Amino acid sequence: MATAPVTIAPVLTPRTVTALASALQEADLADLASALRGLEPFVEAVMERFFVPLPVSAKRDGFKGRFNKLARNYEPFRLFLMFRLVEFFQNRDLFAFYGRILRDMLGPLLNAAREMDMAPELIAAMVRDYLHLFERVASEIPSTQQKELTFERFSLIVDCVHRGTRFDYGLTAIFLVLEGSIAEPTTDNKVDLLMECKKSLVDLAGAIIKVLDAQDGNRILDMFESNKLGIASSGRRLRVVPQIREQLAKHLSVPRRQTEVDWIKSNTQISEEYRGKWIVVENNELIASDRDYAKARAIAKERGIKRPFIVFVPSTPSSGFMGI
Amino acid sequence: MSPRIDFDHEFQYRYFGNAFLPALEVTLIGPADEDDLLAIVDTGATYCLFNGVRAAAIGLQLDVGRPQQLAGLAGGLMARIHPVTLEIAGHRFECEVAFSEQDIERELLGRHTLFPQVRFGFREGMSMAYFHPVR
Numbered sequence: 164m165a166t167a168p169v170t171i172a173p174v175l176t177p178r179t180v181t182a183l184a185s186a187l188q189e190a191d192l193a194d195l196a197s198a199l200r201g202l203e204p205f206v207e208a209v210m211e212r213f214f215v216p217l218p219v220s221a222k223r224d225g226f227k228g229r230f231n232k233l234a235r236n237y238e239p240f241r242l243f244l245m246f247r248l249v250e251f252f253q254n255r256d257l258f259a260f261y262g263r264i265l266r267d268m269l270g271p272l273l274n275a276a277r278e279m280d281m282a283p284e285l286i287a288a289m290v291r292d293y294l295h296l297f298e299r300v301a302s303e304i305p306s307t308q309q310k311e312l313t314f315e316r317f318s319l320i321v322d323c324v325h326r327g328t329r330f331d332y333g334l335t336a337i338f339l340v341l342e343g344s345i346a347e348p349t350t351d352n353k354v355d356l357l358m359e360c361k362k363s364l365v366d367l368a369g370a371i372i373k374v375l376d377a378q379d380g381n382r383i384l385d386m387f388e389s390n391k392l393g394i395a396s397s398g399r400r401l402r403v404v405p406q407i408r409e410q411l412a413k414h415l416s417v418p419r420r421q422t423e424v425d426w427i428k429s430n431t432q433i434s435e436e437y438r439g440k441w442i443v444v445e446n447n448e449l450i451a452s453d454r455d456y457a458k459a460r461a462i463a464k465e466r467g468i469k470r471p472f473i474v475f476v477p478s479t480p481s482s483g484f485m486g487i
Numbered sequence: 030m031s032p033r034i035d036f037d038h039e040f041q042y043r044y045f046g047n048a049f050l051p052a053l054e055v056t057l058i059g060p061a062d063e064d065d066l067l068a069i070v071d072t073g074a075t076y077c078l079f080n081g082v083r084a085a086a087i088g089l090q091l092d093v094g095r096p097q098q099l100a101g102l103a104g105g106l107m108a109r110i111h112p113v114t115l116e117i118a119g120h121r122f123e124c125e126v127a128f129s130e131q132d133i134e135r136e137l138l139g140r141h142t143l144f145p146q147v148r149f150g151f152r153e154g155m156s157m158a159y160f161h162p163v164r
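Chains A and B, in that order, are what the protein sequence lines are.
Basically the numbering used here = 1-based index in the first sequence + 163.
Basically the numbering used here = 1-based index in the second sequence + 29.
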């Protein structure tokens, strides 16, 4: 099967960048190694700005909020790094090269995870799942490149970028903790960090399945090793346990409009602000709202959305539904 | 031995208005176009019911459909029956569904022509719905 080069590298920490540069040097790619070393001050600054502040609070709520905010703010800096890598590596398959380095680095880090009681089995599973996911992406790129880049399709790609950043932020934070570059979180915060990272990976896979329009999306998710693992904490100890089926349920079938439904659910003002209106949602964006169904739909069509997700916001919110 | 029923798909209840309900994502496919929407699985409803404003958008002439009086707890409404294709969880079903002649606020998946083709299950305590195409 033909594959395309993937010029991205997750988990850019000072240590992984150094390891990648050394490996390039050994592979007689001194120019690339030198270019990469030029990024080290930037990566150091990114770590200071976005990762060092993550584990500072012992409060559980504070941790999750900070994770979300820092992951969001990290995105433009991550994109800058990715653009530089694209520029350096051009059409070379960085991901495959870097994947081998990540696998090599994983052993010592998993030993650290064992010592820190930080679910090494889950971390290893997430790295493997991520690498498998992008191997799949690489194999699909040649066929997806032939598809027209419509507004709808571009929106799906943007969604992928957001979710990819969130996962990358979580995994990078885990690596930095294991490297000793940032403070070790409390037990509760370790659980939150690991579970946010795992959830982000599953979300990323869902978004990629949408972009690829993969018919075997459920099977891809079903094969995820990390999806089958959860964490139980007792006192200060963490234990990796098989994830019970009910907790996995929402991931076994990833409905095509999951993103839109999640968006509606998370934007609680919708039920007040758009009461009695038809709304069109595409990915994480409200495309149209109108009391007139036809007008709302027409706006979506004008935006190039072939099959709009258009729902009515009930004018009389009620917790007791009794049919029509 | 207790009967055992398998389902291919499982879904969390959806936040709908301000409550969690067993609503599924459905693609309503007409002769000309398609809409994605959320519909509540209503095992007590005879017909799948969609807002009549959708009919024209997907290429159906509402008033050409067979007239059908529907009765609900809150009163009755007139609807028109049309053949459409419903896509649920990647599976397509040819169904006869009702389109309301007046505005309605919630759309339903009911029994007529759909339920013989599918199986639904519910675990209210888990807010989970289960779905399986019967072929």
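Hints were generated in silico from the structure; no laboratory data involved.
Note that the structure is a prediction, hence the values are computed from the model and not measured.
Ideal Cβ placement from N, Cα and C applies to all residues, glycine included.
Do not take every clue at face value.
Stated by the list, open to error - Listed below are several chain B residues computed to face chain A (Cβ distance under 10 Å; list not exhaustive):
1) ASP35
2) ARG43
3) PRO60
4) LEU91
5) THR114
6) GLU134
7) GLN146
8) VAL163
Stated by the list, open to error - To list a few chain A residues with every Cβ distance to chain B over 10 Å, as calculated:
9) GLN188
10) GLY228
11) PRO239
12) ASP267
13) ALA287
14) VAL300
15) LEU312
16) LYS428
17) LYS469
18) ARG470
19) PRO477
20) SER478
21) THR479
Hint status (Cβ of GLU134 of chain B to nearest Cβ of chain A, threshold 10 Å): holds, 4 Å
Just want to verify: GLY228 of chain A was marked as not at the interface with chain B; is every Cβ pair farther apart than 10 Å? Per Cβ check, GLY228 of chain A is outside 10 Å of chain B; nearest 21 Å; holds.
Compute the least Cβ-Cβ separation between PRO477 of chain A and chain B, then decide whether it is above 10 Å. Its Cβ does come within 10 Å of chain B, the nearest being 4 Å, so this is violated.
Over 10 Å to the closest beta carbon of chain B is the bar; see if LEU312 of chain A clears it. The assertion about LEU312 of chain A holds, with a minimum of 21 Å to chain B.
With a cut-off of 10 Å, does the beta carbon of LEU91 of chain B approach a beta carbon of chain A closely enough for the hint to hold? violated, 12 Å
Is PRO239 of chain A truly not at the interface, in the sense that its beta carbon sits beyond 10 Å from all beta carbons of chain B? holds, 31 Å
PRO60 of chain B as an interface hint toward chain A, with CB separation required under 10 Å: violated, 15 Å
Run the C-beta distances from VAL300 of chain A to all of chain B and say if the shortest one exceeds 10 Å. holds, 21 Å
Test the statement that SER478 of chain A is away from the interface with chain B: the closest C-beta pair must be farther apart than 10 Å. violated, 6 Å
Just checking, THR479 of chain A versus chain B, shortest CB gap more than 10 Å? violated, 7 Å
Just want to verify: ARG470 of chain A was marked as not at the interface with chain B; is every Cβ pair farther apart than 10 Å? Non-interface label fails for ARG470 of chain A: nearest chain B Cβ at 5 Å, not farther than 10 Å.
Restraint: THR114 of chain B near chain A, CB-CB cut 10 Å. Satisfied or not? violated, 13 Å
Checked against the numbered hints given earlier, this structure breaks hints 1, 3, 4, 5, 7, 8, 16, 17, 18, 19, 20, 21; the rest are met.
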